[in-house]
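Protein sequence lines correspond, in order, to chains P and W.
Throughout the first sequence, residue numbering follows this note's numbering, covering 1 to 245 in sequence.
Throughout the second sequence, residue numbering follows this note's numbering, covering 1 to 290 in sequence.
Hints listed in this document are in silico derivations from the structure and should not be mistaken for laboratory results.
In this text the structure is predicted, and so the values were computed from the model without any measurement.
Be a bit skeptical, because a hint or two may be false.
Under 8 Å between C-beta atoms, here's a sample of chain W residues computed to sit facing chain P [stated by the list, open to error]: (1) Lys-166; (2) Ala-177; (3) Ile-183; (4) Ser-184.
Coverage of chain P stretches by chain W, computed from C-beta distances (three or more under 8 Å per stretch; other residues unrestricted) [what the hints assert, rightly or not]: (5) 68-76; (6) 112-120.
We put the CB at the ideal spot given by N, CA and C, even for glycine.
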Amino acid sequence: MKLDGVETFYGAVKALKGVSFTVPDGSIVALLGGNGAGKTTTLRSISGLTTARKGTIEFNGTRIEKSPPERVVGLGISLVPQGRLLFAELTVAENLELGAYLRHDSAEIKRDIEKAYEQFPILRQKRAQEAGTLSGGQQQMVAIARSLMSRPKLLMLDEPSLGLAPMIVAEIFETIRKIRDDGVSILLVEQNANMALSIANFGYVLESGKVVMSGNVAQLLSDPRVQQAYLGQEAGPAAPQAVRH
Amino acid sequence: MELVPQLIVSGIAAGSLYALVAIGLVLIYKATDIVNFAQGESVTVGAYMGWLCITQFRLPYFVAVVLVLAGSALVGMIVERVAYRPLLKSPPFTVILATLAVGLIIKNAIRLVWQDTPRTISGVFSAEPIEIGSVLITPERLAIMFTVALVVALLVLFFRFSKLGKAMRATAQSQEAASLMGISVPGIFSKTWALGSALGGLAGVLIAPLVGINTELGAVLVPGFVAAVVGGFTSIPGAIVGGILVGVLENLGGVFISSSFKQVVPFVVLITVLMVLPTGLFGKPLRKAV
């Protein structure tokens, strides 16, 4: 997937000021940046929830910058939105079924639901429960499993670690790595840059609506600016590894 | 024959029709946060279409009912297209007024064609009362209650098991998440308005043999609206209980207070509920706006 000069507005406010980057097939790309840098807006522009005013978004040779979300999903891009946006009053199983809304292969859908339960065994126990009654970590699992039900080629996750306990976060990130290993490209938005770069192949840093840095993970990790701004470390090659508070 | 049980039973029959109107309102409200004030005109259109099909075209009753459902569903889709979709970015009050306006246009279009001459259709079931226990009831009214119960059961199954029903529930909870699943939200809106309006049309063809057909039939919106409020406005079971409550209280008030009080009853119920239990019997507690 390739973004080129994407500009997105909320009313008169320009949230993205010409964002360009690519997500290579089969890789995990981390999108880093502070609050209000435009990370969520980037994902919303790709998924069609907010339409880009300028620039192009290309996915597998198809231009999607003007496509509504239901078409973008159909092309193989699925978003796990910030705050999860589960159907709280529907059961876990119904949430998963709706993830496969555009598919018509009911036998395969059943198999995929089974697969989701194998991946997240707790969801099998809770499958008849309303999704809103689950814990935060379990809800994040439902959100990821629901997105996978559309069999995406690109999975986008917006702050999957937000508000979760460290142990759960580690589990979620392990899951993301596994999904990549199954051949799904990942675009990951995270405040937790350490965590994101620990599994990513590439990273882009957004600042007030623009990509200000890019590179593979080793480059980003050794860049003093990234260390200082996002990894909570002192600048300089001799910087202590301990996290400053 | 005892009076009170008798009044209650016939109140339930009328109330089940109010419930049907109310369910239509609730479905549309849950999906789009709009109270469809053209719902009364779906009732009127349903009744007139029933009259056309049965009396003019001499179609069998059940064929007529199917056509009524289709016709009033179309009315709902038109209201959605004309009053809702172009005003998506307007405040809800504007949209609600627009539905009211479309309703008035429909009502007066019907009046233009058929004037104010009342019409009637005869139902398939006898209007001769039969005695069940200590109460008298006409097979006609029994059939209405049975039909409404059947429709409600079908609706429950539809929302629980069908793909479209689940998509409608999902959309009512989060439009954004629904679109991320690949659900076309405008399509769901259109179908929800069609369904809600079809329920109104069904109420119209069912009520026609009892009260006759005229352009003011849409006034049944008032008890239907009150029924929905009593039930909390987001609950189908609530709308059913609300409808029956309003129907029964109307009957009791009409006899024990005065016959002209009957029309006042829904308003009394409305004010009482809003004062005592503003979220209705089945409503969720109001979230405070931040």
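Checked hints:
Annotation: Lys-166 of chain W was flagged as interfacial toward chain P, and the flag holds, the nearest CB pair being 6 Å apart, inside 8 Å. Interface restraint check: Ala-177 of chain W against chain P, minimum CB-CB distance 4 Å, threshold 8 Å, status holds. At its closest, the beta carbon of Ile-183 of chain W sits 6 Å from a beta carbon of chain P; the interface hint therefore holds under the 8 Å criterion. Look at Ser-184 of chain W: its Cβ gets to within about 5 Å of chain P, closer than 8 Å, so that hint holds up.
With 5 residues having a beta carbon nearer than 8 Å to a beta carbon of chain W, the region 68-76 of chain P meets the requirement of three or more and the stated coverage holds. By the rule of at least three residues with a Cβ nearer than 8 Å to a Cβ of chain W, the coverage given for the region 112-120 of chain P is violated, with 0 such residues.
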